[in-house]
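K.L.:
Chain by chain, the residues run as shown.
There are 2 protein chains.
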Amino acid sequence: MKYLFKNALVVTMNQKSEVLKDCDVLIENDHIKAIGNISDEDKEKAHVIEASGKLLMPGLVNAHSHAPMTLLRNYADDMDLQTWLFEHIFPTEDKFTGHDIHIGTMLGIMEMLASGTTSFIDMYFYMDDMARAVEESGIRAQLSRGVTNPQTGSDFSEDKKLLESIEFYKKWNGAADGRITGAFAPHAIYTCSPEYIRAVRDAAEKLSAPIHVHVDETRVEHEDCLKQHGKTPTKHLYDLGLLDLKTVAAHCTWVTEEDMALLKEKQVTIAHNPASNLKLASGVAPVPEALKLGINVALGTDGASSNNNLNLFEEINLAAFIHKGTRHDPLLISAAEALTMATANGAKALGMHNLGMVSEGNKADLILVDLEKPHFKPLHNPISALAYSAQGADVCLTMVDGRILYQDGEYKTIDKEKVWYELDKIVKRIF
Amino acid sequence: MKYLFKNALVVTMNQKSEVLKDCDVLIENDHIKAIGNISDEDKEKAHVIEASGKLLMPGLVNAHSHAPMTLLRNYADDMDLQTWLFEHIFPTEDKFTGHDIHIGTMLGIMEMLASGTTSFIDMYFYMDDMARAVEESGIRAQLSRGVTNPQTGSDFSEDKKLLESIEFYKKWNGAADGRITGAFAPHAIYTCSPEYIRAVRDAAEKLSAPIHVHVDETRVEHEDCLKQHGKTPTKHLYDLGLLDLKTVAAHCTWVTEEDMALLKEKQVTIAHNPASNLKLASGVAPVPEALKLGINVALGTDGASSNNNLNLFEEINLAAFIHKGTRHDPLLISAAEALTMATANGAKALGMHNLGMVSEGNKADLILVDLEKPHFKPLHNPISALAYSAQGADVCLTMVDGRILYQDGEYKTIDKEKVWYELDKIVKRIF
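Chain order of the listed sequences is R and U. Everything in the first sequence is counted per my numbering, starting at 1 for the first residue and increasing by one. Everything in the second sequence is counted per my numbering, starting at 1 for the first residue and increasing by one.
If you are wondering where the hints come from, they were derived from the structure by calculation, not from laboratory data. There could be a bad hint or two in this list.
[As the list claims (entries may be wrong)] Residues from chain R that face chain U, not an exhaustive set, calculated with beta carbons under 8 Å: (1) 280; (2) 308; (3) 371.
[Claimed, not checked] Computed list of lysine to any residue pairs in SDA-like fashion (alpha-carbon distance at most 25 Å, straight line): (4) R:21 - R:380; (5) R:428 - U:23; (6) U:416 - R:408; (7) U:416 - R:99; (8) U:428 - R:408; (9) U:16 - U:46; (10) R:21 - U:371; (11) U:21 - R:21; (12) U:428 - R:380; (13) U:6 - U:34; (14) R:16 - R:359; (15) U:170 - U:202; (16) U:412 - R:53; (17) U:416 - R:409; (18) R:292 - U:83; (19) R:227 - R:176; (20) U:292 - R:359; (21) R:95 - R:126; (22) U:160 - U:177; (23) R:412 - U:370; (24) U:412 - R:372; (25) R:6 - U:417; (26) R:425 - U:19; (27) R:266 - R:190; (28) U:16 - U:293; (29) U:161 - U:79; (30) U:425 - R:95; (31) R:418 - U:371; (32) U:412 - R:402; (33) R:16 - U:79; (34) R:428 - U:52; (35) R:428 - U:19; (36) U:428 - R:7; (37) R:412 - U:170.
Glycine included, C-beta positions come from ideal geometry on N, C-alpha and C.
Put together the whole structure using the sequences plus the hints.
P.N.:
So, in structure tokens, the structure goes:
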């Protein structure tokens with residue numbers, strides 16, 4: 001299958017930060033075949049997508065999410081973390097079935113596709129049901145079973161969650177034409193004992209699998225870890241050898257300079273979640289310092305229950321805003337840096353070198369943004385416009401692996417009405 | 001003219017915070033005639049707007065803007081304030097004609113209508129051209145000529161800008177069926193001498209006109225004022241008698257506890273501009289304290305050059321986020337409080353007691369929000385959904401004074417193509 005995007009304003013997000021006007025881009029099967037000079041033969045055979053007045057850019061990568069938590073969107077807000085988690089979120093999550101997770105994931109994918117996200121990195125449970133939603137919808141994802149400590153001791157060879165993690169990884173890593181990859185997800189240091197983290201790490205290492213973990217999200221986590229282990233959460237994980245594996249560390253709100261040196265040494269990606277960190281009052285991660293040290297910082301939404309959406313354009317905007325405003329420095333985190341976090345840096349978080357930029361040979365994970373709106377006019381600077389003026393709803397086409405999954409409000413692979421219907425039943429049953 | 005909104009989910013924003021399901025709302029001419037029980041006669045005569053799957057709420061009030069600065073959107077970003085203002089903004093503004101201001105305002109109004117704003121409080125120059133745009137488009141606005149110090153001394157009876165202010169007020173206050181009101185706008189303490197502020201104040205007092213002024217936006221303004229006048233900007237304006245008039249004070253980023261007591265005493269409205277304050281690195285205003293003291297806090301976008309949009313849903317979201325995140329307190333500024341700032345508190349800023357709530361007899365300044373989107377599902381809590389999940393683009397209908405001005409992407413009173421065309425000419429001429 002060939003597609004030809006005609007006359008697009010292409011924001012490549014490549015190393016040279018090229019922005020190409022009135023540019024044609026040819027897609028062949030799952031990849032970008034040519035940019036600019038398209039042969040007549042290719043032009044003839046391609047399905048044309050007229051893109052004048054539209055901006056073509058890499059699809060966004062959501063580097064930290066819990067997609068099925070859409071089911072808990074706007075369910076419990078404006079309360080303290082303990083009440084929120086222990087009285088509302090955890091008791092409700094206990095009621096979810098695999099079917100619910102499948103529908104919740106589908107809803108999350110619908111929202112992500114409609115706001116320009118083409119890949120996401122997720123941890124939750126009922127992972128087979130999540131993976132099926134990813135497979136069916138056509139989106140790209142790195143998935144992992146979030147695991148928490150079953151008991152004390154050091155023999156976890158029979159631990160159900162860890163066995164599930166291993167089984168899930170073996171079954172799904174590389175599935176759906178490679179769109180699905182797996183990972184291991186020891187939830188956090190406050191839900192996993194050192195021995196358990198070690199066991200999960202060893203299981204992941206055996207399979208050469210990457211790690212997805214919450215790190216230093218709150219002051220309480222930071223201070224408790226200092227008390228309990230005499231070191232920071234990052235140093236604790238470093239000493240346990242977890243960071244020797246390819247790791248995405250979500251949040252890192254309270255990491256120190258020394259922690260960041262360790263994250264840099266181990267080439268850990270920080271998944272920055274500005275909306276969730278603000279809403280849950282966790283704080284503002286030291287992203288300017290992390291970037292200065294050369295750490296790969298990507299962007300995530302976290303779950304829809306602490307955000308309350310999966311709209312990465314909002315995270316881009318927040319990432320470009322909050323560091324300036326809270327440090328009183330207007331030069332921190334430029335529009336281009338915030339966009340890079342959501343594209344090229346997200347691709348690095350996924351470990352994919354052929355993603356996150358509009359470059360020949362790269363995967364055709366692309367979005368079109370409709371510029372014919374008042375808030376994009378005048379278009380003095382497309383990069384600024386994307387970071388400061390855009391809304392998720394400006395995305396009018398989302399393509400993953402060369403397939404159009406969303407266009408002008410319509411989903412090509414998802415039966416919207418069916419998801420609405422099943423969702424309604426879940427809400428009536430559980431809430 | 002009568003309109004009947006049928007089967008809407010009505011978020012009234014009234015004192016009882018009522019949310020009404022499957023509710024009919026009747027509009028007659030410029031006001032809300034009935035909510036819930038509509039007579040058969042009224043039903044028959046009304047033009048029906050089917051609103052099932054939609055949310056009806058008060059139109060938003062933008063309490064601080066410079067609408068024509070849309071022309072400078074994304075023109076100069078990610079630089080320090082001095083470079084931004086003196087090397088980019090001011091020199092370009094000098095090139096604007098009245099025609100440019102008219103088109104820039106029209107563009108701003110288009111953006112505001114499309115994202116649910118039905119009133120705005122603005123200061124700029126070429127005010128006749130702004131007022132014509134407001135008159136033609138059908139939106140509601142309080143407008144003022146922003147004035148800065150002409151020279152030292154105390155005789156300002158011949159001052160051109162002050163004379164313009166007076167003339168503008170006399171000509172336009174109450175115009176367009178009362179949709180346009182006037183105000184006086186001494187720009188700020190760092191651009192107006194004490195004598196000049198006094199002169200503007202006296203002219204406003206003679207006409208019983210309100211005041212719109214920038215107050216304590218940056219640390220530099222705060223510290224310079226302490227050095228120069230031995231008091232804070234708020235105390236300085238208080239001592240000059242400016243706050244004796246009905247005042248909207250934009251920003252108030254650096255106000256102290258003592259300042260807030262003065263603002264409360266004088267019933268001054270604070271126009272909180274979270275996006276602009278973050279982007280320009282001015283800081284985070286002490287809004288939780290202001291609300292606790294009972295100060296009326298409304299929301300503004302500031303100009304599109306420091307935002308870079310006029311989308312109040314973003315400000316609502318930011319207002320509900322940044323105080324939680326920067327103070328590490330998840331209970332600060334609830335979703336309902338943030339929404340109240342953008343509706344009822346905005347109406348108070350305008351001095352209108354029949355605006356900002358869906359109540360019988362109130363002005364029919366209303367918006368419909370399309371809930372048939374993934375990010376509104378499930379709809380556990382409509383107030384949370386509006387503050388945390390909504391985008392400006394979810395607005396599908398905007399009504400001011402009982403007239404539909406915007407519906408499903410189309411403007412009823414504005415020739416979109418003409419604005420685009422004229423805008424293009426301006427950009428080619430100036431930039």
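K.L.:
Compare the structure with each hint and give your call.
P.N.:
Status of the hints after comparison with the structure:
For residue 280 (chain R), the interface hint holds, since its Cβ comes within 8 Å of a Cβ in chain U; the closest pair sits about 6 Å apart. For residue 308 (chain R), the shortest C-beta to C-beta distance to chain U is roughly 4 Å, which falls under 8 Å, so the interface hint holds. For residue 371 (chain R), the interface hint is violated, since its Cβ never comes within 8 Å of a Cβ in chain U; the closest pair sits about 11 Å apart. The suggested pairing of residue 21 (chain R) with residue 380 (chain R) holds, with an alpha-carbon distance near 13 Å, which does not exceed 25 Å.
Using a Cα cut-off of 25 Å, the hinted pair residue 428 (chain R) and residue 23 (chain U) holds, with the two alpha carbons roughly 22 Å apart. Taken as a hint, the residue 416 (chain U) and residue 408 (chain R) pair is honoured in the structure, with Cα atoms around 21 Å apart against an allowance of 25 Å. Under the criterion of a C-alpha separation no larger than 25 Å, the hint pairing residue 416 (chain U) with residue 99 (chain R) is inconsistent with the structure, at around 47 Å. For the proposed pair residue 428 (chain U) and residue 408 (chain R), the alpha carbon gap of about 31 Å is over 25 Å, so the pair is violated.
At roughly 28 Å between alpha-carbon atoms, residue 16 (chain U) and residue 46 (chain U) are farther apart than 25 Å, so this suggested pair is violated. For a cut-off of 25 Å, the pair hint linking residue 21 (chain R) to residue 371 (chain U) is broken: about 36 Å separates their Cα positions. Between residue 21 (chain U) and residue 21 (chain R) the CA atoms are separated by roughly 48 Å; this puts the pair beyond 25 Å, and the hint is violated. For the proposed pair residue 428 (chain U) and residue 380 (chain R), the alpha carbon gap of about 11 Å is at most 25 Å, so the pair holds.
About 12 Å separates the Cα atoms of residue 6 (chain U) and residue 34 (chain U), which keeps this hinted pair within 25 Å; it holds. A distance of roughly 11 Å separates the Cα atoms of residue 16 (chain R) and residue 359 (chain R); the hinted pair therefore holds under the 25 Å criterion. Simply put, residue 170 (chain U) and residue 202 (chain U) have alpha-carbon atoms about 15 Å apart, close enough for the 25 Å limit, and the pair holds. The hinted pair formed by residue 412 (chain U) and residue 53 (chain R) meets the criterion: a straight-line CA distance of about 23 Å does not exceed 25 Å.
Note on residue 416 (chain U) and residue 409 (chain R): the hinted pairing holds, with a Cα-Cα distance of about 23 Å set against a maximum of 25 Å. Our distance criterion of 25 Å between C-alpha atoms is met by residue 292 (chain R) and residue 83 (chain U), whose separation comes to about 24 Å. At roughly 45 Å between alpha-carbon atoms, residue 227 (chain R) and residue 176 (chain R) are farther apart than 25 Å, so this suggested pair is violated. Among the hinted pairs, residue 292 (chain U) with residue 359 (chain R) is inconsistent with the structure: their alpha-carbon atoms are about 53 Å apart, more than 25 Å.
For the suggested pair residue 95 (chain R) and residue 126 (chain R), the alpha carbons sit about 12 Å apart, so the restraint of at most 25 Å is met. For the suggested pair residue 160 (chain U) and residue 177 (chain U), the alpha carbons sit about 28 Å apart, so the restraint of at most 25 Å is broken. Between residue 412 (chain R) and residue 370 (chain U) the CA atoms are separated by roughly 21 Å; this keeps the pair inside 25 Å, and the hint holds. Taken as a hint, the residue 412 (chain U) and residue 372 (chain R) pair is honoured in the structure, with Cα atoms around 17 Å apart against an allowance of 25 Å.
Among the hinted pairs, residue 6 (chain R) with residue 417 (chain U) is consistent with the structure: their alpha-carbon atoms are about 23 Å apart, no more than 25 Å. A hinted pair counts as satisfied when its Cα atoms are at most 25 Å apart, and residue 425 (chain R) with residue 19 (chain U) qualifies at roughly 23 Å. Restraint check for residue 266 (chain R) and residue 190 (chain R): satisfied, since their Cα atoms lie roughly 22 Å apart, inside the 25 Å limit. For the suggested pair residue 16 (chain U) and residue 293 (chain U), the alpha carbons sit about 21 Å apart, so the restraint of at most 25 Å is met.
Between residue 161 (chain U) and residue 79 (chain U) the alpha-carbon distance is near 30 Å, which puts this suggested pair outside the 25 Å criterion. Restraint check: the Cα-Cα separation between residue 425 (chain U) and residue 95 (chain R) comes to about 60 Å, which exceeds 25 Å; the hinted pair is violated. Between the alpha carbons of residue 418 (chain R) and residue 371 (chain U) the distance comes to roughly 17 Å, so the proposed pair stays at or under 25 Å and holds. Taken as a hint, the residue 412 (chain U) and residue 402 (chain R) pair is broken in the structure, with Cα atoms around 39 Å apart against an allowance of 25 Å.
For the proposed pair residue 16 (chain R) and residue 79 (chain U), the alpha carbon gap of about 21 Å is at most 25 Å, so the pair holds. A threshold of 25 Å between alpha carbons decides the hint, and for residue 428 (chain R) with residue 52 (chain U) the separation of about 19 Å falls inside it, so the pair holds. Note on residue 428 (chain R) and residue 19 (chain U): the hinted pairing holds, with a Cα-Cα distance of about 20 Å set against a maximum of 25 Å. Note on residue 428 (chain U) and residue 7 (chain R): the hinted pairing holds, with a Cα-Cα distance of about 21 Å set against a maximum of 25 Å.
A hinted pair counts as satisfied when its Cα atoms are at most 25 Å apart, and residue 412 (chain R) with residue 170 (chain U) does not qualify at roughly 58 Å.
Checked against the numbered hints above, the structure violates hints 3, 7, 8, 9, 10, 11, 19, 20, 22, 29, 30, 32 and 37; every other hint is satisfied.
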